[in-house]
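Asks: Given next are the chains, with one letter for each unit.
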Amino acid sequence: MRKLLVAVALLAPALALAQRQYIDVGSPDFRPLALAVVSFQAGPGAQADAVDVQQTFRDDLALTGIFDLLDPRSFLADASEGTQASSIKFTRWTDVGAEGLVKAAVKREGPLVAGELHLYDVRAGREVLYRVYRETNARLLAHRFADDVLQYYTREQGIFRTRIAAIRKGKGTWDVVLMDVDGKGAETLRRETSIAMLPSWRPDGREVLITSYRSGKPEIWGIKVPEGTPRLVVSLGDLASGGVYSPDGRSIVFTASVDGNSDLYVASAAGGAIRRLTTDPATDTSPTWSPDGRRIAFVSSRSGNPHIYVMNADGSDQRRLTFKGNYNQTPRWSPRGDQIAFTARDERRVFDVFLVSPETGKISRVTQDQGRTNEEPSWAPNGRLLVLVSDRGGRQQLVVANPAGDRQRVVTTDAAGTAAASWGPFSP
Amino acid sequence: MTGESAFLRGPDRLWPLVLVSVALHAAFIGVAFFVRPPAIVNLEQKPIVAKLVRLGEKRPEQWLPRRDVPPPEAAPRAPDAVPVPVPGPPAPARKTVALPAPKVAQKPAPPRPASATTGGKGSDALSRALAKVRDDDKLASKERWGDPSGLPDGDATDGSEGDRYLGLVTQALQSSYRLPATISEQERLHLQAIVVITIEPDGRVASFRFEKRSGNAAFDQALERAVRESRLPPPPPELRQRYRTVGLGVNFKV
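Note that the protein sequences, when read in sequence, are chains A and B. For the first sequence, the residue numbers in the working numbering are 464 to 891. For the second sequence, the residue numbers in the working numbering are 1386 to 1639.
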């Protein structure tokens, strides 16, 4: 004991001096990973396929914003160095700044397109991924390759084989279309001859809900995927619109106007057992589920202007979430649960896409100074990307953006414009 | 007998050490009181990380946030295709899609304030256009919002008071704090590491070590690089000795 006292007495001045200060440093700048993609080898008669696979693969990876695809003209390595790790001079790839290296070959096998993918860790000097696939078309093969590379680096399921549902306007027609995440490969699921809007996927990808005027007033219809056959889901009061499936696919929350009062309702997946969730005399609309299905975010004008609100899935504990701006609408809850994307009008009277934390209410901005209208965001199933509708090119097109907003790409070039997109679930 | 530690010897030999300790304390206190007044450094004060608020007009609180760094003007172009190295006809060039002429926006324009101009239809339109340009210019000139009490070289639109030097250090480390974007969202939720940095009087990083590693090699490597690349400001004179010997702990979070 005495020894301890003596030690403390001797060390006391030093301890006082040794008190170290700590600071927090957060919010890092995430740097894209430098990836070298070597020109894909083509088998006999597969040159066009190889070009298609390579271009689609590069487009997919560029879309994520987490890869920096190096310019092939800067490559120093011998084009014929092969695919064996032992034959690759990795120093030549580090010299051009590559961290990852991709090589692939594509060939025809009857009606199928076959391909092999090699991914190398340049610093480690070894092959880290090898895959062989046979697909019905080149784009599907490319999406598989891209999913594998994305999954290797992020340890998350890739999103390149998911589909985006959108409404493409024609002359007196509203086409419900399904397209790849890069805006290509669009197929018409169903052509409507009355107004169709607000598409929303069933969590298993087997149906797309739309709001349709086919009976003369807004009703919620389901379009079966891939058959395109319609079914009436909900018709209620003066209008029923904006149906959204719960994450478990058992319920649908929607807006309905009964006796002139717009409120939120919930129904079973079949459209029955309708229950009212809100009763405020102001307009309540545009619901979206939290990923755990326990809460619902929606828009209400009960404060005088449209703002984002959050409540429990049974309608209890309604509280206001946004206090900035004066016209906030179309909330969409991230699959990760940590953000709600929404459209808002700023002080310049321009519509842009924002994010708000459902826990803190902190708002960040995704789009800015990119046309007059950027709206109706929808999340990719991994929560890493958003699709939104923008008029930045002069007409409404789909834009894929990361939540930070620093990577954005217009993915459609439809002459008539494309509106109202909904990003579909992971492919099985 | 001769190699034995003082702590292992008999208790009767401890008294000289206690006396030495008391003498040291007395000397320390004497120097502190009589030689010169010490620099006022409150060791108990919890460091507050300060953002250096930019000098300027404060953005109204009810307005939606505006980014300091706007998103890219145009969408990034897809990387060019690489020709496939197979002899034969050249690969087909990518189709260029002709962009149709812009049409009137589908969404009705939000209501605009009534114009006070007079004159014919044409001059009304011109006046409105000019007014819009003026409005936009006015707003554009306020893109860099700040605070009337901010600093000309500040880089934040708002913030709280705090230790100026630590604010500068934080700013310097922040500028070199870059992580691979491939680190997954799930991992980002838990990544955290503490690095202790010793700082030379001229601001150079003398040394650094991990007090706590994250367990993620890519993250820890990125922190090493961030500390090496950082250019820290020279500490104020009263803190030089402290940062050179005791160092500064940096808690890196995502």
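It cannot be assumed that every hint is accurate.
[What the hints assert, rightly or not] Under 7 Å between C-beta atoms, here's a sample of chain B residues computed to sit facing chain A:
#1 V1416
#2 Q1447
#3 W1448
#4 L1449
#5 T1555
#6 A1557
#7 L1558
#8 P1565
#9 A1566
#10 H1575
#11 Q1577
#12 L1633
[To be verified] Listed next, with one range per pair, are the computed distances between beta-carbon atoms:
#13 A/D541 with B/P1622: 57 to 67 Å
#14 A/D777 with B/P1455: 39 to 49 Å
#15 B/V1405 with A/T557: 52 to 62 Å
#16 A/R835 with B/R1549: 12 to 22 Å
#17 B/A1603 with A/P574: 33 to 43 Å
#18 B/P1622 with A/K825: 34 to 44 Å
#19 B/Q1626 with A/T557: 34 to 44 Å
#20 B/E1446 with A/F889: 18 to 28 Å
[As the list claims (entries may be wrong)] Calculated lysine to any residue pairs in the SDA-like style (CA-CA distance at most 25 Å, straight line):
#21 B/K1597 with A/L702
#22 B/K1443 with A/G824
#23 A/K687 with A/L702
Simulated from the structure, these hints should not be mistaken for lab results. Values in this document were obtained by computation on a predicted structure and should not be read as measured data. Backbone N, C-alpha and C fix where the C-beta goes; we use that ideal spot for every residue, glycine too.
Asks: Are the hints correct? Go through all of them and say.
Replies: We went through each hint and held it up to the structure:
1. Taking 7 Å as the C-beta contact cut-off toward chain A, the hint placing B/V1416 at the interface is violated, the least distance being around 11 Å.
2. Given the 7 Å rule on beta carbons, the hint for B/Q1447 holds: about 6 Å separates it from the nearest Cβ of chain A.
3. Checking B/W1448 against chain A: minimum C-beta separation of about 5 Å stays under 7 Å; hint holds.
4. The beta carbon of B/L1449 is positioned within 7 Å of a beta carbon in chain A (closest approach about 4 Å), and the interface hint is therefore held.
5. About 6 Å separates the beta-carbon of B/T1555 from the nearest beta-carbon of chain A, less than 7 Å, and the hint is met.
6. With 7 Å as the threshold, the beta carbon of B/A1557 stays out of range of chain A, its nearest partner Cβ sitting at about 10 Å, so the hint is violated.
7. Checking B/L1558 against chain A by beta carbon gives a least distance of about 5 Å; that is within 7 Å, so the hint holds.
8. The criterion of a C-beta within 7 Å of any C-beta in chain A is met by B/P1565, whose closest approach is roughly 5 Å, and the hint holds.
9. Of the supplied interface hints, the one on B/A1566 holds, with its beta-carbon coming within about 4 Å of a beta-carbon of chain A, less than 7 Å.
10. Checking B/H1575 against chain A: minimum C-beta separation of about 13 Å lies over 7 Å; hint violated.
11. This hint is violated: B/Q1577 has a C-beta 9 Å from the nearest C-beta of chain A, more than the 7 Å allowed.
12. Evaluation of the B/L1633 hint against chain A yields a held restraint, the C-beta minimum of about 6 Å falling below 7 Å.
13. For the pair A/D541 and B/P1622, the beta carbons lie near 58 Å from each other, so the given range of 57 to 67 Å is met.
14. Distance hint check: the CB atoms of A/D777 and B/P1455 are about 42 Å apart, consistent with the given range 39 to 49 Å.
15. Our hint of 52 to 62 Å for B/V1405 and A/T557 holds, since their Cβ atoms are close to 58 Å apart.
16. Hint check: A/R835 to B/R1549, Cβ distance near 42 Å, so the stated range 12 to 22 Å is violated.
17. Under the hint 33 to 43 Å, the C-beta atoms of B/A1603 and A/P574, about 42 Å apart, fit the expected range.
18. Remark: the range hint 34 to 44 Å for B/P1622 to A/K825 is upheld by a beta-carbon distance near 39 Å.
19. Take B/Q1626 and A/T557: their Cβ atoms lie about 42 Å apart, and the range 34 to 44 Å holds.
20. Taking 18 to 28 Å as the suggested C-beta distance range, the pair B/E1446 and A/F889 does not conform, at roughly 40 Å.
21. The hinted pair formed by B/K1597 and A/L702 fails the criterion: a straight-line CA distance of about 59 Å is larger than 25 Å.
22. For the suggested pair B/K1443 and A/G824, the alpha carbons sit about 20 Å apart, so the restraint of at most 25 Å is met.
23. Note on A/K687 and A/L702: the hinted pairing holds, with a Cα-Cα distance of about 22 Å set against a maximum of 25 Å.
Checked against the numbered hints given earlier, this structure breaks hints 1, 6, 10, 11, 16, 20 and 21; the rest are met.
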